[in-house]
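J.: Below, each chain spelled out in residue letters.
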Amino acid sequence: MPASTTLGPTIHVRGRILGEEDLRVEGRVDGAIELSETLIVEESGVVLAEIQARDVVVRGIVIGNVTATDSVTLDAGAKLMGDIEAPRVILADGAAFKGSVKVTGAGPRPRARKTSVASASPVARGAGRTTVAGSIPRVRAARPDAPPPQEDEPTVVVRRQDVAPAQKAPKKAPPKPAKAASKKKTAKKKTAKKRTKARPKVPSRKKRKVSRR
Amino acid sequence: MANTVIGSTIVIDGEISGEEDLTVLGTVKGRIALREHIHVEPTGVIEANIETATITVEGTVTGDIHATERAELKSNCRVVGDIRAPRILIADGASFKGTVDMEG
Amino acid sequence: MATASPGTCIIGRNIAVRGTISGEEDLIVEGRVEGSVSLAGHLTVAAEGVVQADLDVESVVVMGEVVGDITASTSVTIEPGARVTGNIRAPRVIIRDGAFFDGSVDMEFTVPDHLLKGRR
Numbered sequence: 000m001p002a003s004t005t006l007g008p009t010i011h012v013r014g015r016i017l018g019e020e021d022l023r024v025e026g027r028v029d030g031a032i033e034l035s036e037t038l039i040v041e042e043s044g045v046v047l048a049e050i051q052a053r054d055v056v057v058r059g060i061v062i063g064n065v066t067a068t069d070s071v072t073l074d075a076g077a078k079l080m081g082d083i084e085a086p087r088v089i090l091a092d093g094a095a096f097k098g099s100v101k102v103t104g105a106g107p108r109p110r111a112r113k114t115s116v117a118s119a120s121p122v123a124r125g126a127g128r129t130t131v132a133g134s135i136p137r138v139r140a141a142r143p144d145a146p147p148p149q150e151d152e153p154t155v156v157v158r159r160q161d162v163a164p165a166q167k168a169p170k171k172a173p174p175k176p177a178k179a180a181s182k183k184k185t186a187k188k189k190t191a192k193k194r195t196k197a198r199p200k201v202p203s204r205k206k207r208k209v210s211r212r
Numbered sequence: 000m001a002n003t004v005i006g007s008t009i010v011i012d013g014e015i016s017g018e019e020d021l022t023v024l025g026t027v028k029g030r031i032a033l034r035e036h037i038h039v040e041p042t043g044v045i046e047a048n049i050e051t052a053t054i055t056v057e058g059t060v061t062g063d064i065h066a067t068e069r070a071e072l073k074s075n076c077r078v079v080g081d082i083r084a085p086r087i088l089i090a091d092g093a094s095f096k097g098t099v100d101m102e103g
Numbered sequence: 000m001a002t003a004s005p006g007t008c009i010i011g012r013n014i015a016v017r018g019t020i021s022g023e024e025d026l027i028v029e030g031r032v033e034g035s036v037s038l039a040g041h042l043t044v045a046a047e048g049v050v051q052a053d054l055d056v057e058s059v060v061v062m063g064e065v066v067g068d069i070t071a072s073t074s075v076t077i078e079p080g081a082r083v084t085g086n087i088r089a090p091r092v093i094i095r096d097g098a099f100f101d102g103s104v105d106m107e108f109t110v111p112d113h114l115l116k117g118r119r
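Chains as they are written, first to last, in numbering that gives the first Met the number 0: chain A, 0 to 212; chain B, 0 to 103; chain C, 0 to 119.
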């Protein structure tokens, strides 16, 4: 017996779809989709709907807002017009997207050294647009655990460098994120449905610029 | 192409149209207009008026069925509504309440 | 990706710049930049780099942190572990799994007109 739900390429649903299993859309859905599992909009799929699901994978066209309790993935060829809210958002090369992204929950693992950045005031930003200042207040206050800064640390030096090979910038292989998040699906399953309704607002750390286009 | 399947936990409230076979294990409320075959599995519940070419019901249908070719009610199905189809089969053990019109 | 080639400027990890940076070569930021960056070239924000600036570049790869609006003529890539807050405008935007992004994305593309009709 087929376990997962598929809406074939000629199928057109107008209305609301609720479910607790994976849904694959190859046809068209107008309305709303609420799933506790994974929604896949295939290449031929067109979804004009508000979407709530645990995971959403888009390869076709989606017009509408997408809220996921785990992840939203836009694969190559995807076209999405709408806003995304999810703890994990992945945009592949070749995906097209217009809208805003809001990372809900904790988001991907925070990095330890970020404390210093968080404390850097938004005031500082924009204040010095046009001048190269002679000195910049160093952001160290919020790093109690950081080693004491050198007082003679140079503040502003920008020059063209012909970098000798030995001085080349170290190759930083960015640490691959542990895929731990994807493993806790079973634990989340039960709560997923409720969470879609009462979603905690993430306090925004900084004022968000909206109007700039 | 894969047939369209509405799984057992799925509830569709609205209208389904299309030109391919449809298997329903879940719930559909509203309206179904299809040019092919509909199979309502034992777990399937349809509260909708149905237009199709052929339909086989093993589950529950509340609503009128209009099949351009054939409607088959299997044993243990429950159908409440009027059926219009040139060929209608009602198996022993099927529950059916409504009128039958075989003039097509 | 953070390799320097001749014609690449590096803002080292103990360097902080406030103001406008403009140029026509690639730039790697390992330190801190506040203000704005206008570059006819590729910008790399290394894992330890912090950029609080509006960016107008050809392309940018972020492994560190960016707070500001990004306009790129080719592409924006946000790597795992990176944090980007701001609005992005570019023909290609890539956000990898494990990246943090808060803002909007504006890529030029079209969907069939009939799909947009009757949208609220």
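Wrong hints could be hidden among the right ones.
[Claimed, not checked] Here's a subset of chain A near chain C, in silico, CB distances under 8 angstroms, partners left out:
no. : residue
1   : LEU47
2   : LYS78
3   : GLY81
[What the hints assert, rightly or not] When the alpha-carbon atoms are kept at most 27 angstroms apart in a straight line, the in silico DSS-like pairs for lysine-lysine are as follows:
no. : chain 1 : residue 1 : chain 2 : residue 2
4   : B       : LYS96     : B       : LYS73
5   : C       : LYS116    : B       : LYS96
6   : B       : LYS73     : B       : LYS28
7   : A       : LYS97     : C       : LYS116
[As the list claims (entries may be wrong)] Distance ranges between label pairs, derived from CB positions:
no. : chain 1 : residue 1 : chain 2 : residue 2 : range
8   : B       : SER74     : C       : ASP112    : 33 to 39 angstroms
9   : B       : MET101    : A       : ASP92     : 46 to 52 angstroms
10  : C       : PHE108    : B       : MET101    : 32 to 38 angstroms
Don't read these hints as lab results, they were simulated from the structure.
Ideal Cβ positions, reconstructed from N, Cα and C, are used throughout, including at glycine.
J.: Let me make sure I understand: some of the numbered hints might not hold for this structure. Which ones are they, in numerical order?
T.: 3, 5, 8, 9, 10
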